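K.L.:
Note that the protein sequences, when read in sequence, are chains C and S.
For the record, in the first sequence the residue sitting at position 301 is 301 according to the working numbering, with numbers rising by one throughout.
For the record, in the second sequence the residue sitting at position 97 is 97 according to the working numbering, with numbers rising by one throughout.
Worth flagging that the hints you see were computed from the coordinates, not collected in a lab.
Since the model is a prediction, treat every value here as computed from it, not as a measurement.
Positions of the beta carbon are idealized from the N, C-alpha and C atoms, including for glycine.
Treat the hints with caution; some may be incorrect.
Simulated restraints, written as ranges between beta carbons of each label pair [to be verified]:
| id | chain 1 | residue 1 | chain 2 | residue 2 | range |
| --- | --- | --- | --- | --- | --- |
| 1 | S | 97 | C | 795 | 36 to 42 Å |
| 2 | S | 148 | C | 479 | 42 to 48 Å |
| 3 | S | 112 | C | 456 | 58 to 64 Å |
| 4 | C | 456 | S | 30 | 28 to 34 Å |
| 5 | C | 102 | S | 65 | 24 to 30 Å |
| 6 | S | 55 | C | 281 | 47 to 53 Å |
| 7 | S | 128 | C | 459 | 53 to 59 Å |
| 8 | C | 636 | S | 65 | 57 to 63 Å |
| 9 | C | 479 | S | 40 | 25 to 31 Å |
| 10 | C | 543 | S | 137 | 55 to 61 Å |
| 11 | C | 488 | S | 97 | 50 to 56 Å |
| 12 | S | 40 | C | 746 | 50 to 56 Å |
| 13 | C | 588 | S | 65 | 58 to 64 Å |
| 14 | S | 97 | C | 597 | 37 to 43 Å |
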Amino acid sequence: MGLKGSIQAAAKAAVLTDAADLQGLVNLSELLRQLATDAAAEGRPEIAARSTEAAELSDRIVLRQVDNVETAFLRVVESIGACETSSAHAESPQREPADPELLGAWIASCESMLPEIEHLAVKAESQGFVGETAAEIRRRIHTLKGECGVLSLSQAQLVCHELESLIDGGGTRFPVDAVLAVCDWMRSLTQRLAHDALADEPDTSVVRSVLSNTVLATQDPTTSPASGATTNAPTPTATSTPVETPANTSAETADPFAGIHSIPADQRVAMNLEHTDENVGDFALEAREHLANAENAVLSLEANPNDDELVNVVFRAFHTIKGVSGFLNLPRIVEVAHAAEFLLDKVRSHKVPLSPHVLELVLATSDLLGQLIGMLSGGDAPKERELRILVRRLEAACEGRALAAPGAPAARSPVKAAVTEQSEAPVVETAATFAEPKQVATKTVVTAKADQSVKVSTQRMDALVNLVGELVIAQLMVVQDPEVSTLNGQRVQRNLSHLGKIVRDLQETSMSLRMVTLKSTFQKMARLVRDVAVKAGKRIVLEVEGEDVELDRNVVEEIGDPLVHMIRNACDHGIEPSDERRKAGKSETGTLRLRAFHSGGSIVIEVEDDGRGLSRERILKKCVEKELLDPTRDIKDIPDSEVFNFVFLPGFSTAEKVTDISGRGVGMDVVRRNIEALRGSVEIHSTQGKGSVFSMRLPLTMAIIDGMVVRVGQQRYIVPTLNIERSFRPTAEQLTMVLGKGELVRVRSGLLPIHRLQRLFNLSEGCDELADGLLLILENGKRRACVFVDEILGQQQVVIKNLGDTQAQIRGVSGGAILGDGLVALIVDVGGLLETAASTPASTQLT
Amino acid sequence: MAMIDRNETVSHESRGANENKFLSFCLGTEHYGVEILRVREIIGLLAVTPLPQTPSYVKGVMNLRGRIIPVIDLRLRFALPAAEATKETCIVVLEATEQDGTQTVMGAIVDSVREVQDIPKSAIEPSPEFGCEIPLRYILGMGKVKDKVIVLLEIAEVIGMRERAQIAGAIKETERRAA
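With these hints in hand, go ahead and build the complete structure from the sequences.
P.N.:
Quick look at the structure:
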């Protein structure tokens, strides 16, 4: 790894140094000279030349012999980047099958071109560099190089390129040996290709050594070759400059000069997706799963850093991603995954200690890979610069060094805070800085193994669910058929009941298909809390509850965004920094609770923090500033709920300063819009100084609920079991009539109003006598009342369906469900029903 | 390639052939027709679950193979007198595609289904300004078959967005009155 190692060493040194750091520059210059020696030894004259030049330049910076130290330093960095690029090319050649016709034509032309070049070379030997012959050879070689590039023959391209540089470099004697060696090599290449278009290119070591020996022989080491003059300012007039790297075989070479610092800040990673096949979709899905597993394992590792198995889980995830993406020809993913895998391998073999820095890097890698994988399905590309920085940081970590990410985020991170005394050099020794582990923990129980899953189109799944529904009905029709029921054969009856059991099982399974738990969403939030806490330098514990609550897949996907905003807000604005908490007499560690539960036929997801709470005064002040309030109203009269609702307005932020986490006033607007799109609602409860609760109430559109099937007259209704406190048959003594209030029933907790479902739903039939039917005590939030029905038929899990395309929201009905006999039963929306009932004058109920 | 092309032509032709076909049915003594392309299926009268607070012509909802669809009584919709269900009473499942691409499926209860008839464009006359029992916006035209006149319905109007908005409005009205 001589050459590669020294390039990396130089690159790292360059990242860590700046133009003002003299010691760093001296180091850098030494490393560059080492690199030049290594490059020359490995037959890479262009790298050797460039690094020698860069070394000289950095010496000049130290001696202040340059006009502008900053630009000069930048040029050094660029040179290193270019060395890195060209070395990467030699080491990871990319072969893509070339067009066979094109290849055939090329092989044929080579057969005539190579003897010509040889002939010219021999001629040139006697003439020296002067004269037309050398120029003619150079032109031919240049053409050859271009053709190799088109055919993705990267090795051949490189060899031609080197020969070209050699001829350009000039010297006392024309390098005829080198030209002949290259011609021989090219001939062996064309022979191989003639047999097999995909054959590997022949070994270049011999031809390379000839080339490099020639370089050493022909070049005066004290004068930079031609490349020196053109390194930093390639002139367009030069037909071929040595920096013209064998480009385009990899997307990375969009800018051959690019060192990390010279990559434009907004340049995105380019990935060639043309040659991908249908496996890519599956890969993306699997890779995401692997990443999720890895993240979970990392989060657990924070708590138990000594668990080797968890390290293995993470290692395996990256290893698999690397392997598959290599197979699918996705070099950029391989690059990142490889760097992470390499680091984890060292951690696994205890060569590198498992520090918080390593974990952070692994998480960052996972994020970046997530983005790269997202590109496969049309997502935005991550920034090239980020990728390169990350890979470097991973490599540095392999050597046990913690390399802080350059740029703004580092300034905020605790890494920086811990090393303020050496703030100019963001390199810190891992062990020293991270002696005290960070106080970020998540209490979620993380399982390393996720459920295995198959990707199925939702359409097919819906079709299956519907078909099963039909099957149930058909089965019931057979069983209840009068002719069948007269059959007395034991066997028939036994088989029918067996069939019935299977059908029921099938129905239950199919119903659960669309439902997914909130587990994966909540696990992502655990990660988010950790990241935000680290960024904001706070200590936050996340407590998760109800991650097994099942929701329709679509809903789960949609609530991700709002949750992210709510949690960011809570971490950044809600929970105070430790010292402030201490002053307020609270525990230094903030607690964030994420809860999901069923309530009143909806699913409620709550984000609760024990932070400072919303400030009523500040919101009101802002409202006055923005003239959002009706000036005639007394501010004191505005209820809290209304005040808090203002934070959902777009652009409304009470944050005194905008951080890069939140504070721009966009987040809560997004929360509300997303939730409303799901036909849900969001509420805020907050006590200043104590904390706040954001609760999202989501309708259960497709969700399965446990319901009690009740009958009124001929009709059946489903009442969500969660809303039923209990049911009982009233006795005459319990019942009372109060004028203007309607019927009341006395229960242990006092008097409750009675509403007759028959009247609420305007049904013509139904039980009149209260003593003949049943009373259900229903509750929804704070409302509690009795509803009178004829009888309870049973309890059942049902799939909630919307009521067709009426687009009409009927108060008291949240949807419909298809019962076992194929008929539709309406699902009672207890909240709406009790509200309607309460607002209906008692007189109409008494009629 | 050639095969695909041929298939496309076939489907075009079949669509073209079906374009002039109408399903005719009876409401009372009157004959009505709907484009056959708008008819999804015809099913016998099933038990329909009534919806509270809806106008009387909304009979309720039914299960169409796992999907819940609303059912309206066309007689009541067109303000004809209600009638007892007979053996011939059935539900015609109609579908309409809105301009925004959403599909509406709705069942319509009719007295009886007659037949599928070819009514060429030339035999369709614009609806008369008056003398018709049902609102004009529901009518596509008057089709003449042999010596009979069939009222051809504009399905997009009968079950489409405007209709649904009207039902929603009616529900709100009921609620308001109840409160």
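K.L.:
For every hint, state whether the structure bears it out.
P.N.:
Verification of the hints:
1. Between residue 97 of chain S and residue 795 of chain C the C-beta distance comes to about 40 Å, which sits within the given range of 36 to 42 Å.
2. Distance hint for residue 148 of chain S and residue 479 of chain C: a CB-CB separation of about 46 Å, consistent with the stated range 42 to 48 Å.
3. The supplied range of 58 to 64 Å is broken by residue 112 of chain S and residue 456 of chain C, whose beta-carbon atoms lie about 43 Å from each other.
4. The supplied range of 28 to 34 Å is broken by residue 456 of chain C and residue 30 of chain S, whose beta-carbon atoms lie about 49 Å from each other.
5. Hint check: residue 102 of chain C to residue 65 of chain S, Cβ distance near 56 Å, so the stated range 24 to 30 Å is violated.
6. Taking 47 to 53 Å as the suggested C-beta distance range, the pair residue 55 of chain S and residue 281 of chain C conforms, at roughly 48 Å.
7. Our hint of 53 to 59 Å for residue 128 of chain S and residue 459 of chain C is violated, since their Cβ atoms are close to 45 Å apart.
8. At roughly 59 Å, the beta-carbon separation of residue 636 of chain C and residue 65 of chain S lies within the given 57 to 63 Å, and the hint holds.
9. At roughly 29 Å, the beta-carbon separation of residue 479 of chain C and residue 40 of chain S lies within the given 25 to 31 Å, and the hint holds.
10. Distance hint for residue 543 of chain C and residue 137 of chain S: a CB-CB separation of about 59 Å, consistent with the stated range 55 to 61 Å.
11. Distance hint check: the CB atoms of residue 488 of chain C and residue 97 of chain S are about 53 Å apart, consistent with the given range 50 to 56 Å.
12. As the Cβ distance of residue 40 of chain S to residue 746 of chain C is approximately 54 Å, the hint placing it in 50 to 56 Å holds.
13. A C-beta distance of roughly 60 Å is found between residue 588 of chain C and residue 65 of chain S, which places it inside the suggested range of 58 to 64 Å.
14. Between residue 97 of chain S and residue 597 of chain C the beta carbons are some 40 Å apart, a value that agrees with the proposed interval 37 to 43 Å.
The earlier numbered hints that this structure contradicts are 3, 4, 5 and 7.
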